[in-house]
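> With the sequences and hints as input, model every part of the structure.
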Amino acid sequence: MPSDDQREVTEYIIQALVEGRSRDEVARNVAQRYELNLRQAEGLVLRVETVYDRDITARRSPIYFGISLLTLLGGVALIVFPLLEILRPLWNSLAAGQTWQQASSTAREVLFANVPLLLLGLGLIIAGIRTLKHTTWRFHRK
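Quick note: the sequence shown uses full-length UniProt numbering, first residue 1, plus one each step.
Mixed in with the good hints, there may be bad ones.
[Claimed, not checked] Computed spacing ranges between beta-carbons, pair by pair:
| # | residue 1 | residue 2 | range |
| --- | --- | --- | --- |
| 1 | Q40 | F81 | 45 to 55 Å |
| 2 | E25 | F112 | 20 to 30 Å |
| 3 | E19 | L119 | 26 to 36 Å |
| 4 | L70 | D24 | 28 to 38 Å |
| 5 | R39 | G74 | 43 to 53 Å |
Hint data in this document are derived by calculation from the structure and do not stem from the laboratory. C-beta: ideal position from N, C-alpha, C; glycine also.
This is the structure we're talking about:
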């Protein structure tokens, strides 16, 4: 099995086990989906479950969900607050009667000072979304 297929099968098995499906059901789906016989699929599911047990347990956890959500919210904060810092001199300059070009040059200086924070915020948003996609804990779970 090529490594891309192997990665895809592994991720599918992990996600199915995290969602609470039985080993037999996952093995049947893997056998059907990836054209393996049932015995091979059962062995593969068992192997993946053994190797990735910690990852499967972590993805079911409300703490994993909480950390993912905090990462996402931290990224949003790192985008919103620098944007407010950029807009403040722009609005103050316009309110003082300066032209748009004078006001935008002031705001541009603040923008360049805040580019690292904006990029960090974007990275945290992407990381938060990616980890939230992998978690299955929801508020309705016991």
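> Hints first: check each against the structure and report whether it holds.
Quick rundown of the hints versus the structure:
1. At roughly 53 Å, the beta carbons of Q40 and F81 sit within the given window of 45 to 55 Å.
2. Hint check: E25 to F112, Cβ distance near 55 Å, so the stated range 20 to 30 Å is violated.
3. A C-beta distance of roughly 34 Å is found between E19 and L119, which places it inside the suggested range of 26 to 36 Å.
4. The beta-carbon spacing between L70 and D24, approximately 36 Å, falls within the hinted interval of 28 to 38 Å.
5. For the pair R39 and G74, the beta carbons lie near 47 Å from each other, so the given range of 43 to 53 Å is met.
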